[in-house]
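2 protein chains.
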Amino acid sequence: MGTAAAEEEEEEETSSPMMAPHVAREHREQHGQDAPPGFVPPMSPEDVAAVEAVLGYEFADKSLVEQALTHGSFYYPYRPGETYERLEYLGDGVLTCLMSREVFRTYRTLPPGPLTRLRAANVDKEKLARVAVVRGLDRFLRHKAPFLEGQIDVFIKEMCMYPVHSNGLLDPPKVLSDIVESLIGAIYFDSNFNQEEAWRVFRNLADPLISLETLGKHPVSELFEFCQKTRRGVKFVKDEWDKNLKVEVLIDGELAGSAIYAKKKEIAQNRAAKAALDKLKQTMGQYQTESVSAEVSEQLDTLDLARKL
Amino acid sequence: MGTAAAEEEEEEETSSPMMAPHVAREHREQHGQDAPPGFVPPMSPEDVAAVEAVLGYEFADKSLVEQALTHGSFYYPYRPGETYERLEYLGDGVLTCLMSREVFRTYRTLPPGPLTRLRAANVDKEKLARVAVVRGLDRFLRHKAPFLEGQIDVFIKEMCMYPVHSNGLLDPPKVLSDIVESLIGAIYFDSNFNQEEAWRVFRNLADPLISLETLGKHPVSELFEFCQKTRRGVKFVKDEWDKNLKVEVLIDGELAGSAIYAKKKEIAQNRAAKAALDKLKQTMGQYQTESVSAEVSEQLDTLDLARKL
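Chains as they are written, first to last, in my numbering: chain A, 278 to 586; chain B, 278 to 586.
Mixed in with the good hints, there may be bad ones.
For chains that are exact copies, the list does not tell them apart, and a pair is met inside one copy or across any two.
Said to hold, decoys possible - Below are the SDA-like pairs computed for lysine to any residue, each with C-alpha atoms no more than 25 Å apart in a straight line:
| hint | residue 1 | residue 2 |
| --- | --- | --- |
| 1 | K558 | V511 |
| 2 | K556 | H495 |
| 3 | K402 | L387 |
| 4 | K523 | Q428 |
| 5 | K421 | T386 |
| 6 | K339 | L387 |
| 7 | K451 | T386 |
| 8 | K402 | P388 |
| 9 | K402 | P389 |
| 10 | K515 | K542 |
| 11 | K451 | T373 |
| 12 | K556 | T491 |
| 13 | K339 | R382 |
Hints were generated in silico from the structure; no laboratory data involved.
Put together the whole structure using the sequences plus the hints.
Next comes the structure, spelled out in structure tokens:
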């Protein structure tokens, strides 16, 4: 037993004193050294219109578009102004409601357990981050967080390996899901809290929604179920003192898989479970090589299209 | 295998320890020995009307009232039928959205952290359980869960000690918050997903909402803040092997408070922190005896009134 520490806030890419190189350059070009304290470049009307076109929604208050796409780091080194955080909070609330309603209506007799899993899968960090990338909304994000562009690039490459959802194997940059929530929050607010407008836009952006047929299992759950059925003993082992968060999976006492992911224990566990499952399936002759399926190719095409717009 | 009647009698006998005494009595009176398998008493039109009166909402589909107030245990020993669970799931979704909107609108510049805490406090298990009790909705709950009536009585006595919210010291029976969510879900569904109707009803039921002024802190957070300010070291200790979940709080290495609550670690921690805080304040001469304030008396009056309706 140890100390009950205050719950750690999810790490944000906000606070670094450094500016991403390309942003710093653009910033200098636009405003030189004479930008007054508190002044930051506004979003161009062309960009606002482009975002509206992606969303299929015309804002009464155009300033909401800018607000929904402005990360806290963007104001550096000036006095902080309005950011997307409050709109993200509102969007999170309305999306929870709308997805609850959608699965409640679609699956008339499904119990709350699967309803909750379906809702979660359609509005979780990864699904929303995928929406941001596939629709090209990340290109309009206003930030000066270092490394963020690189993290987004890594996620884009990784997500293409999983056509629908990785089910807990990927760790997308939080800003990507944030801006989808904030844009939906902005529409909800701008339309005088019209949930149908918010739903119409989200339904189009998130298409195809994850259905009961495409809903996958997290590897940890899958491994536990598999081992229960086949009467194998399964144990997750991790060294609490190891800062790399290496997780090992023992099946009937033997090492079956391991993974290292320092940022989040849950992801390390899922990756280790996935490795163990792959090994088990290989051993049992059920191993299937992961290839880029037709579905993935299709998603890649959409992605390229969106980014070329 | 005997006759239907004999089978029934046998089942009745088996079920008696499971059935709350008053329900068992009512059940016998209404349906004697001849209730067919799968048959359960419907809710009376008078009860439906009484619930509608409490809610201030008239249902187009009256069967939703019955469904929203029927716990899974109610069907025992017959074939299970519709329960409140799906409506509770829907109600949870719409309440999250509506409270997000409410605090977003009320506090125009408040950051997401406090917004989230305010939202949570107004729709958490305890707040909703208090709403159920204060409005007398628990009297319409249809269940055969043993001990539940006793648990509700204990919660009613305990909640009166905290006029607004215990902030993590109480553990209300989940069914109480469930039926508030399910009734709100039922209204949302019945009104063709009209969030304004759902909000109008909840706003009245939950009055007064917890505001930034009445929002309290959980004792664990309060203790950490207090000890940080006064430069004291604080540590929570619990024996992982102890099934009673005893939690001890050490301040500067000395035992300052402890609590035992076997059902939930979080509640044991909060109670231990509260004990430590009380001791600290006493030591520092700031101890205030807890008395039934004017606000509590008022709530007791409302409660009596609701239960006499």
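Check each numbered hint against the structure and report the violated ones by number, ascending.
none
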